[in-house]
Every structure is written in C-alpha cells, then in structure tokens.
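A.B. asks: This is what each chain is made of:
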Amino acid sequence: MNLEILGISVLWTFLFGYILVGAIDFGAGFFNAYSLLTGKQRILTKVIQRYLSPVWEVTNVFLVFFFVGIIGFFPKTAFYYGTTLLVPVSFGIILLAIRGSYYAFETYGARGHKGYSFMYGLAGILIPASLSIVLTISEGGFIEIVDGNPVLDYWVLFTSPLTWSIVVLSIAATLYISAVFLTWYAHKAGDVEATNLLRKYALIWSLPTIITAGGIIFELRRHNFEHYNNIQTFWPMFLISFLLFAGTVWLLWKRHNYGWAFILLMGQFIFAFFGYGASHYPYLLYPYLTIYDSFTNPAMAISLIVAFILGLGLLIPSLVLLMRLFLFNKGYVRGKKDFHV
Amino acid sequence: MTDFIIFYAPFIILIAAIVVAFLIAPLDGSVTDKEE
Amino acid sequence: MGNEEAVFYSRVLTELTLSFHIIYATIGVGVPLMIMIAQWVGIKKNDEHYILLARRWARGFIITVAVGVVTGTAIGLQLSLLWPNFMEFAGNVIALPLFMETFAFFFEAIFLGIYLYTWDRFENQKKHLLLLVPVAIGASFSAVFITMVNAFMNAPRGFDIVDGEIVNINPIIAMFNPAMPTKVAHVVITAYMTAAFVLAAIAAFRLLRGSDHVYHKKALYLTMKLGFVFSIATALIGDFSGKYLAEYQPEKLAAAEWHFETQENAPLILFGVLKDGEVKYAINIPFGLSMLAFNNPNAEVIGLDQFPEDEIPPLYIHYLFNIMVFIGMWMTILSALYWIGINRGWKRVSTKWFRWLIVLGAPLTMIAIESGWWLAEVGRQPWILRKIMRVEDAATTSGQVDLMLMLFAGLYIVLGIGSVVVLRRMFNKNPVERELEDRHKEQGGDVQ
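Protein chains in written order, with the numbering used here: chain A, -13 to 327; chain B, 4 to 39; chain C, 1116 to 1563.
Heads up, a few of these hints could be off.
[What the hints assert, rightly or not] Using 25 angstroms as the maximum straight-line C-alpha spacing, the simulated BS3-like pairs for lysine-lysine come out as follows: (1) C:Lys1544 <-> A:Lys32; (2) C:Lys1544 <-> C:Lys1556; (3) A:Lys100 <-> A:Lys32; (4) C:Lys1544 <-> A:Lys100; (5) C:Lys1242 <-> C:Lys1358; (6) C:Lys1242 <-> C:Lys1159.
[Said to hold, decoys possible] If you anchor each label on the Cβ, the simulated ranges turn out as follows: (7) A:Pro147 <-> C:Glu1507: 46 to 54 angstroms; (8) C:Asn1118 <-> A:Ile226: 45 to 53 angstroms; (9) C:Arg1540 <-> A:Asn215: 25 to 33 angstroms; (10) A:Trp141 <-> C:Glu1424: 38 to 46 angstroms; (11) C:Gly1392 <-> A:Val137: 22 to 30 angstroms; (12) C:Leu1551 <-> A:Arg310: 27 to 35 angstroms.
[Stated by the list, open to error] Computed list of chain C residues with no C-beta within reach of chain A, every gap over 10 angstroms: (13) Val1182; (14) Asn1207; (15) Met1215; (16) Ala1224; (17) Tyr1232; (18) Lys1242; (19) Asp1327; (20) Pro1382; (21) Pro1401; (22) Pro1412; (23) Val1440; (24) Met1481; (25) Arg1540; (26) Glu1548.
What the hints contain is simulated information worked out from the structure, not anything from laboratory work. Backbone N, C-alpha and C fix where the C-beta goes; we use that ideal spot for every residue, glycine too.
Required output: the full structure, derived from the provided sequences and hints.
C.D. replies: Shown next, in the form of structure tokens:
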C-alpha cells in the first residue's frame, strides 16, 4: 500500500462515518418535523431527542475532518473542486448552518418550538441532496477547462438523470438509515409505539433506496463507461451489499433483532460505499485528477499521517466514553435520568 | 533578547495569566462579606 | 478578464464570514475557561452560586457554540471555494495545523456533549469539572492551530520556491513561523479577555435591571478581576507583537503607525487624521515608536519609504489600530478601578452609570476584536501570502460570488437574530432567583 491509497482510504472512511452519523442525524430531524406535522410527536419526539442531543456537534466534525483532510492530502482538489463547487457547496453550507444552529436553538433555548423544528428538519434532509452533487460531479462530464480554469456546466448537470438519481438516493438512504437506527434505539428504550412507527418508516424507505442505488449503476454505463466497467470488476462487493440489505429488511419484517438489522445495514453501506470508492480509483475527478497527480509532498503526507495516528489515540477513547455514557447506557436511553445542563 | 520576546515570551505571559486567573478567582471576600 | 469582480466579491464575502464568525469564535474560545474557573471556585469554596454561574454560562455557551461551529464550517469551506489557488498552496505547506485543528475541535465537541449532559450525574463534582478540561483545551487549541495558519500567511516559512515549484517543504517549520507565538498568544488571550468582559456586562446588566442578588455581584466581581488580568496580559503580548512586526513585517507596522520615513528616535502617532498626505490632529509621543518596536528610544524604525508603492497596505489601518489599542486600555482602566473600588468600598463603582460603562464594555471589546482582525488582514495587503502570492492571484474565477455574498449575508442575519432571540428567551424565562429557589425545593428532602 502506498501513501496515496492510505490517505484516500482514511478520508473515505471518515466520509463514510459522516454519511452514516449524518444520515441518522438528518433523518431523525426530518422524522421529528414530520411527526409534528402529522400530530405524532407524542410518539417520536422523545426518543429522537434523546439520541440526537449529545452527539449533534460530533457529526459535523466528521465533515470538517474530511474536507480539511482532502486539502491536506490532495491539495490540487482545492483548485479543481474549489473553483467549480462554489454554488452547490455554498448551498450545502447554508443548509448545514441552518440545521446546526436551529437544532441547538430548539433543543437548548426553545424546547418544542415548532418553527425551529421544521426549519432544521427540512434543512437537514436537503443537506445530503446538496452535498451529493459533489459525487455526481466527480464522475466527470460536467466540468470543462476554459482558459486553464475549470468551469461547471450547470445546464448539463441539472438535466442529467444521473444527478437526480443520486439526489433521490441520498435522500432515500438518509431516511432509511435513520429509520433503521431509530427503530433499534426506540426498541432499546422499550418504547413499543415508537418502534412500530419507525419500523414502518424503515420498510417504506428501503424500496426507493435499493431501486435508485441499482439504477445509478446502469446510468453510469451511459455517463461514464470506464467507471461502469470498473464497477463490474467489483461485483462481489455489491452482491454482498445487496444480500445484507435483504437481511436487514427481512429482520425488520419479522420484527427480529433490530440491533442486527442495523449492523447488517452498516455492512450494506460499507460494502457499497467502499465498492464504489474502489471502482472510482484512481480518479478523484474524471478525467482530470487522480490521487497520484494531486498528491501532496511526502513530508506533508507523513506528518499528516503521524498527526492522524496521534489524534486517533485521543479520539477513540473519547468516542468510546461518549457512546458508553449515552448510546449504550440503559438508564440514559430509557430516559430514567436527566442530567441536562 | 528580541528573539526571546518574539518566540517565547508570548507563551510565558499567556500561561502566567491563566495561572494568575485561577489564583485570584477565589478571592471574593469583598463581595461575600456583605451577604449576611 | 472580469476576474476583478470575483476577487472583489471574494474579499467581501470572506471578510463578512470572518467578521461574523469571530464574534462567536471568540466567545467559544474564551467562555469555557471562564466556566471552568467559576465551577472550580464553586467546588473549592462549596458555594452554589459559582456552580450555578458555571451552569448558566454553559447553557448560553451552547447557543454561541452552535453558531460558531456552523460559521466555522462555512469559513473552512469558503477558503477552498473562494481562494482555490491559495488553498492549493496552503494544502502543500500548512495543512498540518489545519488538520490538527479538526482534532482539537473533535475533542472539544465530544467532551462538550458529555459535559452538558452529566450535570449532577457524578457524586464527586470534581469528576464533572474534569470533563470540562478537554473542552477548554480543545477550544483554545482550535484557536492556536487556526491562528498558526494565519501566522503563516504573514510570515511564510518552511519551503523554497525553485522555478515556480514548491520544494524542501517542512511542515513543522511552517507551523512554527516567526509570526506564530505573538499572534497565537494575542488571539487566545484576547478571547479570554473578551469573554470575561462580555460575561461581566451580562452581570452588570442584571444588576441594573433591578436584581440585587449577591449571585450577580459575585459574577461581576469575578469576571472584572479576570478581565483585568487578561487585559494586562493582552497589553504585554500586544507590545511583543509590535516587536515582531518591526523585525519581520515592518511595512505593516509602518502603515499602522503612519510612519512614513525611516528614522531613528521615531515618535508614536496616536489618533489623528490623514489629509492630502499630511497627518493632522495627532498626538505625538516622542521616541514612542522606537520604544514599541525595539525597546530602545534611539532605534531606527523602517518607514514606508523603503517599500514599493504597490506593496504598501492601505493606510486606514491606523484607525483600526487606534480603536483596538484605545479600547484595550480603556477596559484595563475600567476593570482596575472596579477591582480597587470594590476592595476599598468605593460607592462609585456600584453606581448606575459605572455599571452602564461595564455593560458598554461588551460591545466595545467586540469592536476591538473586529478591529484587530481587520488590522491583521488588511495590514497584510496586497499579499495573501506575504511576498509569495497576491490576493488577486489567489481568488476563484467563478462568476457567481456576488450571488453567494447575498445568500450568506442573509444567512448571517438569520443566525445573528436567531441566537440573540434564543439567548434572551432562555434567561428571561428562567431568572437566577427562581432557579435557586427551585433547586432549594428539590434538595429540601435531602440531608445536605
């Protein structure tokens, strides 16, 4: 393994982390807002807020970590992606800002404020949509080089079926991941009503998730044949991913072991995400940028990796502590005790 | 001397200020005495 | 080429984002230390007022942290979006502290989550206080690492440029550049100072609004004392910054001081206005600038005459410099008077108008923070990386920056108003008197 692959693997892992915890987070915010709209907040709000509260800021850090890391390991991405992504990423930032701050406003300042809840619920569900545009653009075909500067062609981008399938997938997957996780969480909290409702949501959103995911592979055939071919060589990963998906749905359907359902779901997305990433190799941006021609100098790469290892030494114990205190603490999950500031 | 001021003194002052802050923080006799 | 527009709007948008973010970032760096001190005093003296003080500050702190986090994310991404050429360069040389900042931030975020949700969960209160230590360290180190990057922009080191290629990169030397110590220390200490004075203003305001509770008096006394300590340290470190500038960035010092001609025994110009190249209505302190720059009244200070015209920063930074220094001195005097006054039993420091002066301190220190950052950034012009890359060569070529500027301006209005409304609502609904009463009722059954 060389430094380039090591670097991108670390970043890809953190991006996966962001997608997973972000999806749970954004989906939960959306379900919370939706339950307000349909008058079901009595069932859902409590369990959702118990999970969300202590972890919201951590979610955001995964994203920051990813984009700071990619500039560090692959500085040329700043030039290509920085120049072209101004509009889509700015929208993403605005949504993130609304989502993060209004979540805090509602939770800490104005518990139960409906306007705030809608605001962050809606902003949250649009974040995956706006950020997923970056993945679409990385497939190539949307960027032209004019006078040595990359320019994004919005018309081509927004008329491409690939763009919209990825947008739909990002939203559907967000809701699906979130619903499966919350089903398990509600079950652990011993909240039967919430478990049943969330289980229903999970089953509903499983279908669009798998359909769009499959559809994207076929659209790639037309859009980026090289990548499509690479995906074929990784078919076992996608097959495993599909089987894990089927396993999750089956467990949910049978009301068996929701914890395993969520673990299988994580497996499904790990295989799909890393299969996709591996088939994208070596390109960061088709056809202009590979991980090799954009890689930083060895001195920086090594110091980043050393900093990363030291940082992990600090982070992993802290994350374990966080999860033990909240996620896996029975007293906390069941809402027996409240030590909120 | 200049090098010392530019490279080391700022951190010494910073840390000293934090230490002094902790030392003087509990001295609140002049406001608590009136409590009774 | 039309790129001038993109450069202009990129500058405005960056300035807007930073000016907004720095308010919340300064609070975010400074307040955890204040919470820690208050809680520590509370545990040490077994005084519930200080513990409640820490608790209420922590509650308000979450709101400011939330806005600080999201605007920090915004500026982090905007750097790449608006200054892609700069970030490509920065990625190669100064990515290490940027990367470490995310870890500091991560660390802070995790423990803040734990800290906020474990009030009264531990039998031993010291354990809970211990959880705050990583929060305060993470917050301060976020500032340290980010300021390292800013220092690098002022004094780029740790690489060579051969035929337009960056070679011999040493990330450690880039981090520990000559601008770093003074800049980092100045940013961190002023955050503490500002946080102390902002919290003091809140306590003073409550006292003005008719509350006579000793809780607020303790809060005010504590924060004014802390503010005094930190403002003295700020003045010292500010003096060191002057010495750094004289040695490494003389054009910035000369422009800020309106020091046009290189001379020995240089006087310090305070205030004044510039009319047709003439300084008017200024106060001249003989030998002042030579003292500030080299601690030697006879030292020669390099003036603006030594620099090509297109490498001189805008001269209006003199006003920013004056505002910053003047407010710093004013707050030092004010807090010193208060401290002495309380100890000596001067009635005057507890009068209405004196308390109003303390309340006024909050916006004033924020203005000082803003002026300081504008001075730092405008004073580096025309460079984004001093002597290496000009601002206009670093900017994006995208044509939609003006539109984004409007969008972000709207966002900051929404966030600014939102945070103020929420904070007011939070504390107005739950005044400290009532909270103390509730707590006593709750504990009524327990044997204390």
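A.B. asks: For each hint, tell me whether it holds in the structure or not.
C.D. replies: Evaluation of the provided hints:
no., hint, verdict
1, C:Lys1544 <-> A:Lys32, "23 angstroms, holds"
2, C:Lys1544 <-> C:Lys1556, "19 angstroms, holds"
3, A:Lys100 <-> A:Lys32, "15 angstroms, holds"
4, C:Lys1544 <-> A:Lys100, "18 angstroms, holds"
5, C:Lys1242 <-> C:Lys1358, "43 angstroms, violated"
6, C:Lys1242 <-> C:Lys1159, "13 angstroms, holds"
7, A:Pro147 <-> C:Glu1507: 46 to 54 angstroms, "40 angstroms, violated"
8, C:Asn1118 <-> A:Ile226: 45 to 53 angstroms, "49 angstroms, holds"
9, C:Arg1540 <-> A:Asn215: 25 to 33 angstroms, "58 angstroms, violated"
10, A:Trp141 <-> C:Glu1424: 38 to 46 angstroms, "45 angstroms, holds"
11, C:Gly1392 <-> A:Val137: 22 to 30 angstroms, "44 angstroms, violated"
12, C:Leu1551 <-> A:Arg310: 27 to 35 angstroms, "33 angstroms, holds"
13, Val1182, "5 angstroms, violated"
14, Asn1207, "5 angstroms, violated"
15, Met1215, "5 angstroms, violated"
16, Ala1224, "4 angstroms, violated"
17, Tyr1232, "5 angstroms, violated"
18, Lys1242, "12 angstroms, holds"
19, Asp1327, "26 angstroms, holds"
20, Pro1382, "45 angstroms, holds"
21, Pro1401, "48 angstroms, holds"
22, Pro1412, "44 angstroms, holds"
23, Val1440, "33 angstroms, holds"
24, Met1481, "19 angstroms, holds"
25, Arg1540, "6 angstroms, violated"
26, Glu1548, "19 angstroms, holds"
Violation of the numbered hints given earlier is confined to hints 5, 7, 9, 11, 13, 14, 15, 16, 17 and 25; the remaining hints are satisfied by the structure.
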